[in-house]
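K.L.:
Line by line, the protein sequences are chains A and B.
Just so you know, this note's numbering puts 273 at position 122 of the first sequence, and the rest follows in order with no gaps.
Just so you know, this note's numbering puts 596 at position 414 of the second sequence, and the rest follows in order with no gaps.
By construction, these hints were calculated from the structure, which means they are not laboratory data.
Treat the numbers as computed from the prediction; the structure is a model and nothing was measured.
Errors might be hidden in some of the hints.
What the hints assert, rightly or not - PhoX-like mimics (lysine-lysine), calculated; alpha carbons at most 25 Å apart, straight line:
1) B/Lys339 with A/Lys310
2) B/Lys452 with A/Lys309
3) A/Lys310 with B/Lys452
4) A/Lys310 with B/Lys454
5) A/Lys319 with B/Lys326
6) B/Lys559 with A/Lys309
7) A/Lys177 with B/Lys442
8) B/Lys539 with B/Lys516
9) A/Lys319 with B/Lys539
10) A/Lys309 with B/Lys454
11) B/Lys212 with A/Lys309
12) B/Lys502 with A/Lys310
13) A/Lys319 with B/Lys502
14) A/Lys177 with B/Lys339
15) B/Lys356 with A/Lys177
16) B/Lys202 with B/Lys212
17) B/Lys215 with A/Lys392
18) B/Lys502 with A/Lys177
19) B/Lys470 with B/Lys497
20) B/Lys212 with A/Lys392
21) A/Lys392 with B/Lys544
22) B/Lys470 with A/Lys310
23) A/Lys309 with B/Lys442
24) B/Lys215 with B/Lys326
What the hints assert, rightly or not - Pulled a few chain B residues facing chain A out of the computed Cβ check, cut under 8 Å:
25) Phe254
26) Ala256
27) Met292
28) Arg322
29) Lys326
30) Phe328
31) Glu475
32) Asn476
33) Val489
34) Ala490
35) Thr491
Unchecked claim - Listed next, with one range per pair, are the computed distances between beta-carbon atoms:
36) A/Ile181 with B/Ile244: 38 to 44 Å
37) A/Leu198 with B/Ala490: 24 to 30 Å
38) B/Ala505 with A/Gln318: 20 to 26 Å
39) B/Glu312 with A/Leu198: 55 to 61 Å
40) B/Pro207 with A/Leu198: 55 to 61 Å
Heads up, the beta-carbon is just placed ideally off N, CA and C, and yes, glycines get one too.
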Amino acid sequence: MNDLLFYSTLVIYAAATVLYLTYLIKPQQILGRIGHWVISVGFLVHLGFTVNRYFVAGHTPITNLHESLSFFSLAVVGIFILCERRYHVFILGSFVTPLALLILVVSATFSSTIPPLNPALQSRWLLVHTSMAFLGYAAFAVSFGASIMYLIQSHFVKKRRLGTMFQKLPPLDMLDEISYRCLTFGFPLLTFAIISGAIWAESAWGTYWSWDPKETWSLVTWFVYAALLHGRLTTGWRGRKAALLSIFGFLIMLFTFLGVNLLLPGLHSYK
Amino acid sequence: MNIIVVGLSHKTAGVEIREKVAFAPTQMEKPLKAVVELPDITEAIIVSTCNRVEIYATTRDIAGGMARLKRFLADYHGLNLETLEKHLYSYHGEDATRHVFRVASSLDSMVVGEPQILGQIKTSYGYAAEYKSSGIILNRFLHKAFSVAKRVRTETKIASSAVSVAFAAVELAKKIFGELTDKTVLLIGAGEMCELAAKHFINTGVRGVMVTNRTYERAEKLAEEFDAKPIRFEDLFDHLHKADIILSSTGAPHFIIREKEMNEVIRRRKMKAMFFIDIAVPRDIDPKVNDVENVYLYTVDDLNGVVATNLEQRKIEAAKAEAIVEQEIGQFFKWLSSLEVTPTIVALRTRFDEIRKAELAKTISGWKDLPPGAEKKLDALTNAFMNKLLHQPMSVLKKSEQGNRNDLYVDALRNLFDLDTGEPQENLIELEE
Numbered sequence: 152m153n154d155l156l157f158y159s160t161l162v163i164y165a166a167a168t169v170l171y172l173t174y175l176i177k178p179q180q181i182l183g184r185i186g187h188w189v190i191s192v193g194f195l196v197h198l199g200f201t202v203n204r205y206f207v208a209g210h211t212p213i214t215n216l217h218e219s220l221s222f223f224s225l226a227v228v229g230i231f232i233l234c235e236r237r238y239h240v241f242i243l244g245s246f247v248t249p250l251a252l253l254i255l256v257v258s259a260t261f262s263s264t265i266p267p268l269n270p271a272l273q274s275r276w277l278l279v280h281t282s283m284a285f286l287g288y289a290a291f292a293v294s295f296g297a298s299i300m301y302l303i304q305s306h307f308v309k310k311r312r313l314g315t316m317f318q319k320l321p322p323l324d325m326l327d328e329i330s331y332r333c334l335t336f337g338f339p340l341l342t343f344a345i346i347s348g349a350i351w352a353e354s355a356w357g358t359y360w361s362w363d364p365k366e367t368w369s370l371v372t373w374f375v376y377a378a379l380l381h382g383r384l385t386t387g388w389r390g391r392k393a394a395l396l397s398i399f400g401f402l403i404m405l406f407t408f409l410g411v412n413l414l415l416p417g418l419h420s421y422k
Numbered sequence: 183m184n185i186i187v188v189g190l191s192h193k194t195a196g197v198e199i200r201e202k203v204a205f206a207p208t209q210m211e212k213p214l215k216a217v218v219e220l221p222d223i224t225e226a227i228i229v230s231t232c233n234r235v236e237i238y239a240t241t242r243d244i245a246g247g248m249a250r251l252k253r254f255l256a257d258y259h260g261l262n263l264e265t266l267e268k269h270l271y272s273y274h275g276e277d278a279t280r281h282v283f284r285v286a287s288s289l290d291s292m293v294v295g296e297p298q299i300l301g302q303i304k305t306s307y308g309y310a311a312e313y314k315s316s317g318i319i320l321n322r323f324l325h326k327a328f329s330v331a332k333r334v335r336t337e338t339k340i341a342s343s344a345v346s347v348a349f350a351a352v353e354l355a356k357k358i359f360g361e362l363t364d365k366t367v368l369l370i371g372a373g374e375m376c377e378l379a380a381k382h383f384i385n386t387g388v389r390g391v392m393v394t395n396r397t398y399e400r401a402e403k404l405a406e407e408f409d410a411k412p413i414r415f416e417d418l419f420d421h422l423h424k425a426d427i428i429l430s431s432t433g434a435p436h437f438i439i440r441e442k443e444m445n446e447v448i449r450r451r452k453m454k455a456m457f458f459i460d461i462a463v464p465r466d467i468d469p470k471v472n473d474v475e476n477v478y479l480y481t482v483d484d485l486n487g488v489v490a491t492n493l494e495q496r497k498i499e500a501a502k503a504e505a506i507v508e509q510e511i512g513q514f515f516k517w518l519s520s521l522e523v524t525p526t527i528v529a530l531r532t533r534f535d536e537i538r539k540a541e542l543a544k545t546i547s548g549w550k551d552l553p554p555g556a557e558k559k560l561d562a563l564t565n566a567f568m569n570k571l572l573h574q575p576m577s578v579l580k581k582s583e584q585g586n587r588n589d590l591y592v593d594a595l596r597n598l599f600d601l602d603t604g605e606p607q608e609n610l611i612e613l614e615e
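Build the full structure now, drawing on both the sequences and the hints.
P.N.:
So this is what it looks like as structure tokens:
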């Protein structure tokens, strides 16, 4: 059952990705609309998988890379669907669904068996801490997608290359806003994940902060996004600069998530 | 029944002719009623726009109908038919259908793809419907034309891009800012193209307009016209940061806005994007301004380039649209011919049955000792007799629906059996004499 739901999601996301990428090069609006429905169905199946796994495992299914990548992908798709409904830009899907698919494919390369829960994770903080962190990550991922689109579109307008792609991409200000909105959604979540992590660490390990690589890098990520948001509110880092910083932040975030788990040994090295 | 088109357009007649032939949109009742009262004309629609005047009509007699419409156009406007005739075109059958489908799809417009024509034809059709000058065929015909136009619009990108400099500027601004409702336009200097572009922006619904000019009085005058705020030219840089879209066309021999000033201005407005349109020759705005972050600068040449590309694109899309039109012509003609056969069969049957019933009644009324049940038998006998006789011609007629000979059969049948009620049958009368 678990595997069936997981691989169904994979297939549906792949179909949605094909639709959205075709939409990128073909003019038919209908492709985007079908893509939207396909990805919505995929999201529900994926949600079903996650809930099912929660009950089968008996705890929040974000304890190893297979699970957390899957949850990350779910959160990306969820936030993307919200954005698409809000802004009616199907083309965002051409940039975000491949990312969600890729994350899920990577997730599939890790074993899907449910191991006994690491004693250190047996806490009700597990649900709050991890889901907050990954929802935040997902918001940053969608912001990353919108920022890439911003850079492409801005390049087209600057260089007066007003081809089909230019026609397809939404207005610059809208992309800037999507990127910014996602950041203002993701940043509090990341903040909360770090705080809840500290509280949990105090009860589990006896200290709020132990400069574990995950903690250190989360703080770095937090500072990058904090600087970006601060810069936007004070001196007006918007447009190109904001897009570049959002992309930079996402790369740092990816390292915090994957790089730390895979490369740097520490308290958070769940594989 | 045949569809015919008679008219003239920007392709065949100059404005001095077109304005003489035009019909006032408020007084369509009189000409519409006059056209349908012409002999041979059964239904009619008059389309009159600044670029074309056309009559769509249905007739049994193609050549006669066309001649009558031409004469009507000349007589109604008090023109000499001979001078008018060389500007007129006329189509029938498939060509008429193609013409109207193309007109409705804006393939015959001066600016191919412009969207107004469809609305204008819809209005014209509205008058025809109101004054009942259009009937079953033209109703169907026009609805088909509208659906073809809609297909062309949705399936091709014929009207999706701007083909005038002013529109191209508005389209570009929308690609930078999205909605323009909270944006401010600044006009520097004056000039025809600049003002035209400003009007387009105002029509799109920008929040505010500012106007500046070297002579403040001119700025004030223009400001009044656009309901804008006049600004002294010396104060330009105190206000520039408030503008999102800047249209510039001064006669200045040197740049009036340079990179150095723009770095300052963009900081002042917290890096919010700015869109400069430099229409002046020599240029008003240093091309290096385009290098400033979140600032986009287009010159009149850039916009002309956009327009040229869009026109090129429209040509490609127009070819796709023509293919759609051809497809739909076939479909419409299938309907038109099926319409002809079915009522003919019904009319023929009714005519035979009338004769049968009349003769039957005559026989029975003069029959004194009619045996019981004979009346029913006689009725059945004559009915069977009639059905046998009609069977062969009707199956041939039905089969002809698939081919293209049916109008010939239908025409012959209608003439031979006098099926067009209320119309004198000149041919038969001639034969009898």
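K.L.:
For each hint given before, does the structure comply? Return the numbers of the non-compliant ones in rising order.
P.N.:
5, 6, 7, 8, 9, 11, 12, 17, 19, 20, 21, 25, 26, 27, 28, 29, 30, 33, 34 and 37
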